[in-house]
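Trainee: In case you want the letters, here they are:
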Amino acid sequence: MAAVPGADTAPLVGAPAALADAAPAAPAGQWRRRVRRAASLGLFFALWHIATEWDLAFYVRFQNIPTPAQVLAEAVDLFGTAGFYVHILASLERIWLGFAIASVLGIGFGLLIGWFRFAEDTLFPPIELLRPIPAVAWVPLSIMLWPTERSSIVFITALGAFFPIVLNTIHGVEGIDRQLIRAATSLGAGRAAIFREVVIPGALPSIVTGLSVGMGVSWLCLISAEMISGQFGVGYFTWVAYGIVKYSQIVVGMLVIGVLGMLSSALVRAIGARCMPWLPRRAKDGS
Amino acid sequence: MAAPPREGRILSTGRIEINDLGIAYGANSRRVEAVRGFTLMTMPGEFMALLGPSGCGKTTVLNAVAGFVQPNAGTVVVDGEPVRGPGADRGMVFQQHSLFPWKTVLANVEFGLKMRGIKRTPRTSQARAYLGLVGLAGFEDAYPAELSGGMQQRVGIARTLVNRPRVMLMDEPFGALDAQTRLNMQELLLNVWREVRTTVIFVTHDIDEALFLADRVAVMTARPGEIRDVVTVKLARPRPAEVIATPEFMTLKARVLAQVREESARVLPAPRR
Numbered sequence: 003m004a005a006v007p008g009a010d011t012a013p014l015v016g017a018p019a020a021l022a023d024a025a026p027a028a029p030a031g032q033w034r035r036r037v038r039r040a041a042s043l044g045l046f047f048a049l050w051h052i053a054t055e056w057d058l059a060f061y062v063r064f065q066n067i068p069t070p071a072q073v074l075a076e077a078v079d080l081f082g083t084a085g086f087y088v089h090i091l092a093s094l095e096r097i098w099l100g101f102a103i104a105s106v107l108g109i110g111f112g113l114l115i116g117w118f119r120f121a122e123d124t125l126f127p128p129i130e131l132l133r134p135i136p137a138v139a140w141v142p143l144s145i146m147l148w149p150t151e152r153s154s155i156v157f158i159t160a161l162g163a164f165f166p167i168v169l170n171t172i173h174g175v176e177g178i179d180r181q182l183i184r185a186a187t188s189l190g191a192g193r194a195a196i197f198r199e200v201v202i203p204g205a206l207p208s209i210v211t212g213l214s215v216g217m218g219v220s221w222l223c224l225i226s227a228e229m230i231s232g233q234f235g236v237g238y239f240t241w242v243a244y245g246i247v248k249y250s251q252i253v254v255g256m257l258v259i260g261v262l263g264m265l266s267s268a269l270v271r272a273i274g275a276r277c278m279p280w281l282p283r284r285a286k287d288g289s
Numbered sequence: 006m007a008a009p010p011r012e013g014r015i016l017s018t019g020r021i022e023i024n025d026l027g028i029a030y031g032a033n034s035r036r037v038e039a040v041r042g043f044t045l046m047t048m049p050g051e052f053m054a055l056l057g058p059s060g061c062g063k064t065t066v067l068n069a070v071a072g073f074v075q076p077n078a079g080t081v082v083v084d085g086e087p088v089r090g091p092g093a094d095r096g097m098v099f100q101q102h103s104l105f106p107w108k109t110v111l112a113n114v115e116f117g118l119k120m121r122g123i124k125r126t127p128r129t130s131q132a133r134a135y136l137g138l139v140g141l142a143g144f145e146d147a148y149p150a151e152l153s154g155g156m157q158q159r160v161g162i163a164r165t166l167v168n169r170p171r172v173m174l175m176d177e178p179f180g181a182l183d184a185q186t187r188l189n190m191q192e193l194l195l196n197v198w199r200e201v202r203t204t205v206i207f208v209t210h211d212i213d214e215a216l217f218l219a220d221r222v223a224v225m226t227a228r229p230g231e232i233r234d235v236v237t238v239k240l241a242r243p244r245p246a247e248v249i250a251t252p253e254f255m256t257l258k259a260r261v262l263a264q265v266r267e268e269s270a271r272v273l274p275a276p277r278r
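Chains A and B are the protein sequences, given in the same order. Take the first sequence: its position 171, counting from 1, is numbered 173 in this note's numbering, and each next residue is one higher. Take the second sequence: its position 184, counting from 1, is numbered 189 in this note's numbering, and each next residue is one higher.
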C-alpha cells in the first residue's frame with residue numbers, strides 16, 4: 003500500500019488521503035485458503051493417477067494416457083537432452099518476434115486509428131475485414147507468402163496477437179476523458195503534446211490489456227502453426243510425439259506450453275504494472 | 006522552499022470583455038440556445054462570481070472564455086485580444102477528475118511550465134512553491150487517486166495558477182465536495198487569491214459561496230442565459246467565515262435569492278394548486 007509522504011505534516015483540508023485497498027485478510031483465513039488450493043491441486047493429480055493407473059474406459063478412454071509418474075520421468079529425461087531445448091528456444095524465438103512485431107504495429111496503428119479520423123478511414127476498414135478470420139486459417143497462405151518456415155510461423159503468431167492489441171489500443175484512445183484533453187489545452191498543450199502527454203498514457207491501461215490478451219492468442223497461433231507445418235518448436239514436438247507413439251512426451255509438451263504461456267503472460271502483466279505506477283494495486287490479484 | 010509568489014503591484018492584466026455573447030448547441034429542431042445577449046466585463050484582479058439556476062448557461066460562458074466553444078454571436082476579448090481557442094493565459098479549474106491520473110501531484114502542477122519549455126530545475130521549484138501555497142507541500146510524489154477530493158481540487162488550483170494566467174476560470178470547483186470541505190476550500194481560495202492576484206470567474210449555483218467569495222456576483226437568467234443583475238459585494242476583506250451571518254450578508258443574500266428563485270421558477274413547472 004502506498005503511503006502518502008508528509009501526510010502528518012501538511013495542513014489537511016478535507017478527508018485524509020483515501021487509500022482504497024482494504025486491510026489484507028486475516029492470516030488464519032489466508033492459510034485456510036492456501037490449504038484449500040493445495041488440496042484442489044492434489045485432488046487433480048490423484049484423479050489423473052487413478053484414471054490412468056486403472057485404465058478407466060467409460061466412453062472417455064484412459065488406456066493410452068500416461069500416468070503422472072510416467073510424465074514426470076519423461077520430463078526429467080527430456081530436460082536432460084539438448085534436443086528438447088532446441089524446440090523450446092525455437093518456440094520462444096517465434097513468440098518473441100511475432101509478439102514484438104504485433105505490439106509495435108498494433109499499438110502504432112491503434113493510436114493512429116483511435117486519434118486521427120483520416121487514419122481511421124484509411125487503415126481501419128481492411129483490419130475490420132480481416133479480423134474475423136482466425137489466424138490459423140492463414141497457415142496455407144502464409145506458407146505460400148513467406149520464404150522460410152520460420153518467417154511464416156512468426157507471421158501467424160504476429161497476426162493472432164495483432165488484432166486484440168490494435169482493437170484494445172483504439173478502444174483505449176477513444177475512451178480518454180475529453181475533460182483531460184480540455185485541461186491540457188487550457189494549460190498550453192498543443193496537438194503533439196496532447197498526443198504524447200494525454201493520449202498515450204491515457205490509453206495505456208487498455209493497451210496493456212490488449213497485450214495480455216494478445217500474448218495468449220499468439221501462443222495459441224504459434225502452437226497451431228507449429229503442429230501444422232514445421233520442423234522445430236514445442237508444438238511440432240508435441241504433434242510428432244503423437245505420431246511416434248511417445249505418449250508421455252505429448253503431455254510433457256502440453257505442460258511446457260502451458261507453463262511458458264503462463265510465464266509470458268505474467269511477464270506482460272508485470273511490465274504493464276511497472277509502466278503504470280498510478281494504478282492502485284489490486285488486493286485480490288489473479289495469479 | 007522558494008518564496009511564495011506574491012503580487013503586490015496593481016494588476017494591468019485580466020480585463021475580460023464579454024460582448025453580446027450568443028451560443029447555441031445542436032442543429033435545426035434540436036437547436037438549444039444556451040446563452041443569448043450575454044454581456045459582462047471584469048476589472049483586472051477582480052473576483053467575479055457567475056450565479057444562476059442549473060442549465061442557465063453559466064458553464065457555456067466559461068467555456069467560451071476558455072476557448073473550448075466558439076460563439077455564434079458576440080465576442081470575448083481578454084486584455085484586448087479576441088479569444089480564438091484554448092490557451093494557458095486562461096486557466097480552467099474543473100469540477101472534478103481533471104488531474105492527469107498518470108502524473109504525480111508535482112508533475113501535474115509542472116505541466117503548464119513544461120509546455121512552455123521551462124527547464125526542469127526552475128520548473129520544479131516553481132511548482133513546489135505553488136503546492137506550498139495551497140498547503141500541499143509534502144504531497145509532491147503522490148498520485149491524484151491517492152488524494153481526497155478537496156486535495157485534488159487544490160492541486161487543480163496550483164496547476165492553473167503556476168502559469169500566471171490572466172484569468173482563472175472556475176467551474177463549480179467545490180461542487181462535488183462535502184459541506185465542511187467546501188467551506189475550508191473557499192477560505193483557502195481567498196487566501197491564495199490574496200497572494201496570487203488574478204482575475205477569477207467563478208461559476209456556482211450556491212448563493213452563499215458566490216457572496217462569500219466574490220467582489221461582484223453576476224446573476225443569470227434561465228436559459229437562454231443572460232445577465233439579470235450584477236450585485237456588488239462590499240464586504241471587507243479578508244472575510245472571516247462568520248461574515249455569512251452578518252446583516253449585510255443577509256440583505257445581499259435575500260436580494261440574490263429572490264432573483265434566483267424567480268429564474269428557477271421559469272425553468273421548473275409551476276406547482277399545482
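Keep in mind the hints are simulated off the structure, nothing from the lab. Just so you know, not all the hints are guaranteed correct.
Claimed, not checked - Chain B is faced by these chain A residues, among others (derived, beta-carbon under 7 Å):
| # | residue |
| --- | --- |
| 1 | Asn66 |
| 2 | Thr69 |
| 3 | Gln72 |
| 4 | Ala75 |
| 5 | Arg184 |
| 6 | Ala185 |
| 7 | Leu189 |
| 8 | Ala194 |
| 9 | Ala195 |
| 10 | Phe197 |
| 11 | Pro203 |
Said to hold, decoys possible - Simulated coverage check for chain B against chain A, where a stretch passes if three residues somewhere in it have a Cβ under 8 Å from a Cβ of chain A:
| # | segment |
| --- | --- |
| 12 | 123–132 |
| 13 | 240–250 |
As the list claims (entries may be wrong) - What follows is a list of derived Cβ distance ranges for each label pair:
| # | chain 1 | residue 1 | chain 2 | residue 2 | range |
| --- | --- | --- | --- | --- | --- |
| 14 | A | Asp179 | B | Asn196 | 57 to 65 Å |
| 15 | B | Val82 | A | Arg193 | 21 to 29 Å |
| 16 | A | Arg133 | B | Ser130 | 35 to 43 Å |
| 17 | B | Asp146 | A | Gly192 | 46 to 54 Å |
| 18 | A | Phe118 | B | Glu247 | 52 to 60 Å |
| 19 | A | Val37 | B | Gly122 | 23 to 31 Å |
| 20 | B | Asp146 | A | Thr124 | 25 to 33 Å |
| 21 | B | Thr126 | A | Phe118 | 55 to 63 Å |
These figures come from a predicted structure and were not determined experimentally. The beta carbon of each residue, even a glycine, is placed where N, CA and C say it ideally should be.
Trainee: Run every hint past the structure and note whether it holds.
Mentor: Evaluation of the provided hints:
1. The beta carbon of A/Asn66 is not positioned within 7 Å of any beta carbon in chain B (closest approach about 54 Å), and the interface hint is therefore violated.
2. Here the hint on A/Thr69 is broken, as its CB sits about 51 Å from the closest CB of chain B, past 7 Å.
3. A distance limit of 7 Å between C-beta atoms decides the matter here; for A/Gln72 the minimum to chain B is near 51 Å, and the interface restraint is violated.
4. Below 7 Å, beta-carbon pairs count as interface contacts, and A/Ala75 has none with chain B, the closest being about 51 Å; its hint is therefore violated.
5. Residue-level restraint check for A/Arg184 holds (minimum Cβ-Cβ distance to chain B is 6 Å; threshold 7 Å).
6. Nearest Cβ of chain B to the Cβ of A/Ala185: about 5 Å, under the 7 Å cut. The hint holds.
7. The criterion of a C-beta within 7 Å of any C-beta in chain B is met by A/Leu189, whose closest approach is roughly 4 Å, and the hint holds.
8. A hinted interface residue such as A/Ala194 counts as satisfied when its beta carbon comes closer than 7 Å to some beta carbon of chain B; here the least separation is about 11 Å, so the hint is violated.
9. The criterion of a C-beta within 7 Å of any C-beta in chain B is met by A/Ala195, whose closest approach is roughly 6 Å, and the hint holds.
10. At its closest, the beta carbon of A/Phe197 sits 13 Å from a beta carbon of chain B; the interface hint therefore is violated under the 7 Å criterion.
11. A least Cβ separation of about 4 Å between A/Pro203 and chain B falls short of the 7 Å threshold, and the interface hint therefore holds.
12. Chain A is given as covering the segment 123–132 of chain B, and this is violated because 0 residues of the stretch bring a CB closer than 8 Å to a CB of that chain, at least three being needed.
13. Requiring three or more residues with a Cβ within less than 8 Å of a Cβ of chain A, the coverage given for the segment 240–250 of chain B is violated, as only 0 such residues are present.
14. Between A/Asp179 and B/Asn196, the C-beta spacing of about 30 Å breaks the proposed range 57 to 65 Å.
15. For B/Val82 paired with A/Arg193, a C-beta distance near 25 Å keeps the hint of 21 to 29 Å intact.
16. The hinted window of 35 to 43 Å between A/Arg133 and B/Ser130 is violated, with their beta carbons roughly 51 Å apart.
17. For B/Asp146 and A/Gly192, the Cβ-Cβ distance of about 28 Å falls outside the hinted range of 46 to 54 Å, so the restraint is violated.
18. The beta-carbon spacing between A/Phe118 and B/Glu247, approximately 56 Å, falls within the hinted interval of 52 to 60 Å.
19. Checked against the hint of 23 to 31 Å, the pair A/Val37 and B/Gly122 fails, with Cβ atoms roughly 60 Å apart.
20. Remark: the range hint 25 to 33 Å for B/Asp146 to A/Thr124 is contradicted by a beta-carbon distance near 43 Å.
21. Between B/Thr126 and A/Phe118 the CB atoms are about 36 Å apart, so this pair departs from the stated range of 55 to 63 Å.
Consistency with the previously given hints fails for numbers 1, 2, 3, 4, 8, 10, 12, 13, 14, 16, 17, 19, 20, 21, ordered from lowest to highest.
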